[in-house]
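S.K.: Okay, here's what each chain looks like letter by letter:
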Amino acid sequence: MSTQNYWSKNKMIEKVISFFYSGASVNLGIGIPTLVAELLPKELNIFIQSENGVLGVAGRPKKGEESPTLINAGKETISIRKGASFFDSALSFGMIRGGHIDFCVLGGMEVDTNGNLSNWMVPGEKITGMGGAMDLVNGAKCVIVVMTHFTKKGSPKLVKKCSLPLTGVGVVNIVVTDLGIFKPENGKFVIVELASGVSVNELSIPSELI
Amino acid sequence: MSTQNYWSKNKMIEKVISFFYSGASVNLGIGIPTLVAELLPKELNIFIQSENGVLGVAGRPKKGEESPTLINAGKETISIRKGASFFDSALSFGMIRGGHIDFCVLGGMEVDTNGNLSNWMVPGEKITGMGGAMDLVNGAKCVIVVMTHFTKKGSPKLVKKCSLPLTGVGVVNIVVTDLGIFKPENGKFVIVELASGVSVNELSIPSELI
Amino acid sequence: MDYSKVFTDPKSAVADIKSNSTLMSGGFGLCGIPENCIDALSEMEITNLTVISNNIGNSGRGLVKLLISKKIKKAICTYVGGNPDLEKQILSNEIEVELIPQGTFSERIRAAGLGIRGFYTPTGFGTSVADGKEIKIFDKACLLELPLGADFAIIKAEKGDSYGNLWFKETARAFSPLMAMAAKITIVEVEELVEVGEIKPEDVHLPGIFVQRIFLGKNYKNDIEFLKIEE
Amino acid sequence: MDYSKVFTDPKSAVADIKSNSTLMSGGFGLCGIPENCIDALSEMEITNLTVISNNIGNSGRGLVKLLISKKIKKAICTYVGGNPDLEKQILSNEIEVELIPQGTFSERIRAAGLGIRGFYTPTGFGTSVADGKEIKIFDKACLLELPLGADFAIIKAEKGDSYGNLWFKETARAFSPLMAMAAKITIVEVEELVEVGEIKPEDVHLPGIFVQRIFLGKNYKNDIEFLKIEE
Chain Y
0 MSTQNYWSKN KMIEKVISFF YSGASVNLGI GIPTLVAELL PKELNIFIQS ENGVLGVAGR
60 PKKGEESPTL INAGKETISI RKGASFFDSA LSFGMIRGGH IDFCVLGGME VDTNGNLSNW
120 MVPGEKITGM GGAMDLVNGA KCVIVVMTHF TKKGSPKLVK KCSLPLTGVG VVNIVVTDLG
180 IFKPENGKFV IVELASGVSV NELSIPSELI
Chain P
0 MSTQNYWSKN KMIEKVISFF YSGASVNLGI GIPTLVAELL PKELNIFIQS ENGVLGVAGR
60 PKKGEESPTL INAGKETISI RKGASFFDSA LSFGMIRGGH IDFCVLGGME VDTNGNLSNW
120 MVPGEKITGM GGAMDLVNGA KCVIVVMTHF TKKGSPKLVK KCSLPLTGVG VVNIVVTDLG
180 IFKPENGKFV IVELASGVSV NELSIPSELI
Chain X
0 MDYSKVFTDP KSAVADIKSN STLMSGGFGL CGIPENCIDA LSEMEITNLT VISNNIGNSG
60 RGLVKLLISK KIKKAICTYV GGNPDLEKQI LSNEIEVELI PQGTFSERIR AAGLGIRGFY
120 TPTGFGTSVA DGKEIKIFDK ACLLELPLGA DFAIIKAEKG DSYGNLWFKE TARAFSPLMA
180 MAAKITIVEV EELVEVGEIK PEDVHLPGIF VQRIFLGKNY KNDIEFLKIE E
Chain Z
0 MDYSKVFTDP KSAVADIKSN STLMSGGFGL CGIPENCIDA LSEMEITNLT VISNNIGNSG
60 RGLVKLLISK KIKKAICTYV GGNPDLEKQI LSNEIEVELI PQGTFSERIR AAGLGIRGFY
120 TPTGFGTSVA DGKEIKIFDK ACLLELPLGA DFAIIKAEKG DSYGNLWFKE TARAFSPLMA
180 MAAKITIVEV EELVEVGEIK PEDVHLPGIF VQRIFLGKNY KNDIEFLKIE E
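Chains as they are written, first to last, in numbering that gives the first Met the number 0: chain Y, 0 to 209; chain P, 0 to 209; chain X, 0 to 230; chain Z, 0 to 230.
Just to be clear, a hint being listed does not mean it is correct.
Under 7 Å between C-beta atoms, here's a sample of chain X residues computed to sit facing chain Y [stated by the list, open to error]: (1) Gly80; (2) Tyr162; (3) Leu192; (4) Val193; (5) Gly196; (6) Pro200; (7) Gln211.
For the record, the hints were derived by calculation from the structure and aren't laboratory data.
By construction, the Cβ of each residue, glycine as well, lies at the ideal position given by its N, Cα and C atoms.
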């Protein structure tokens, strides 16, 4: 199985961005999803929220313009766009819980056919904590999970039933992997798009789940 | 029964103020209680809250300095002191409900021996609404009711059991009337002070309640 | 494709508010009320509105305009004193009034806006406000209160930008930012329409994410209900 | 008799924090943390603290100072990644860690400060977070969450006045104003101690009523956790 047809990280993020519309608000999880802030076309006029208390994240600061008090939820220095605002964590998560965030993009360890997501804990491994992930998946209007299709050990992350501790139940709307785009619906994964040259067989998803 | 010994409105307010301490926060109800803002000695350094969203009410504005957007909960123009702040109604009532207001001074129609208060509605009469009174009596650390001792028809407002619709249950700490100061405690009214020259008989409170 | 929330006039901003809608209206008494929106609404042929507002205007002003033109079926508010037009309609059963303690009113609106499905407060326990509500004992006996949302909110701010970031003056804030959070469509009128970025990001009182429409208001009366001057 | 909340130094401001206290500490990661208070506490002979903070420091910095000196019995937080000192203590059972979803964490702290006795949120339903919690069905199944308060809060603000009115810079606000509301005693350190009235009343981020002590901080490191620069 060759991986030469697989989408790159940037390509995956482009696919994520293709779901956005002008004026939408977007929350980005830690890791790959933060790439969205850097690759977003300006004409989309997206407002990026970071749950530590800012709406209007723009990307990375120019050298010398970084501020220790201006960070995203991944604790990375950021810059802001015009029209940005700062607020406390109760309002920030109220914005999320209240359904005012149009898209939430976050990483995943497993997504199952019922839209369940596991992405915060592997029993026996290091404990990191769920941070804001559980609030985000229950609050955002559309939850997009972006992750590699396979674990490092080679098993698919799109499964019939999550085996890891859950982040949320029935919360995932769209999954973007390096092999394609999928929607968990009615106990199956609907294939929205496959990376060109990738066959359904390569997905390693049991045929009764597709 | 002569009323010449009765405390004046200003005297009643002075008595209310005598319970305050330096640095205390105070909420003032509509009507007589607003007099507190005008009679308060500056050296007490009191912060007056008004539940429409201001902490640091100072009294009335000077002529020409009134602002249509600077009012108290009685919709009267006010002025503010240095260190004042403005906020929304959720934070304002959170401040109240959360026990951060040291004293709440409000009017009353009836107070009973269990500290119950009726002050928002007389069945069959005009409906006005409870406004913030129910939140205030349940939230403030010390609730002081200031009212004339007798109704216009001459019956005492300190009663065994409130007959009017309740504002709160077991909420009143201190009652200041034009005849004296009282504390509802264990089914009785403890007399803290009487206006000089006023006898216990003049209170028209049944002796078993005193 | 540019995306803008800016409307040119109140009439177009409120045009899709229909009969039977639930409408929140900001302000405390006559302070900080959306005068332009109320005027525009009073000229529309709509009826059976459920209006959520702390007061339903006062002495012929504010929301009383909607009251007089018989547009309001139900009023959900905290204080209705000093409003002879409302009293008349209450007595003649033309309007239903639901009274809510003001702190519970504020928090229920916030809850609707911020996704809280219910909360417990001691306010109202042992009073008629508790009738029919679930009671749970914490340090005190508390009532379960539910979110209070709306189809539309009309509010006024001192300053606003094209994204809908708002700044309120003095005590004109009150319920307005909460209502903006709680309504499906929030329509804002401002005394001053400023450039995006002019309100300092730390001092934005309401982030524009909660605002759907904004326009520059005109001809404000800014009535004072009770003028009190130092003697 | 004058009444002042101003302290001259961190040591005296935190002097009465005792063993077995519950302590909230503001900041997000290393951003906006009360460095002076943490340093003063790390030199005190106290143990068995329950610490409520989003993170327990990171890479040897922030609250890790209290961790290393074995002052913390229990940590209530939302994210503990990138903290080898904490991991070591978890593995050796020297510390108990309770993890809470960040939105629930924020709202529970607010609830404690603002007198809400409990609230329902969908966050955590169907996960281990729901274990042992009351569930009630609204539009979604929700968990009953309870207030989270503390004996003391230590927080940092950019500006503050002698009454305790505070103003926070950029994303350094986060949990700090909520913690100030939720603690019996709130101790604030500021980069700049300003005259009363200097913060515009509309732009006070936290009214001074929630603050008991304030002092001018010194020698801030203001560490950046992950420096990312435009390439």
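S.K.: Would you mind marking each hint as holding or not holding in the structure?
M.R.: Outcome of the hint check:
1. Gly80: Not OK, violated: Gly80(X) not within 7 Å of chain Y, min 32 Å.
2. Tyr162: Constraint on Tyr162(X) satisfied, holds at 4 Å.
3. Leu192: violated (13 Å)
4. Val193: Result: violated, 11 Å to nearest chain Y Cβ.
5. Gly196: Because about 4 Å separates Gly196(X) from the closest Cβ in chain Y, which is inside the 7 Å limit, the hint holds.
6. Pro200: Check passed: Cβ of Pro200(X) comes within 5 Å of chain Y, closer than 7 Å.
7. Gln211: violated (10 Å)
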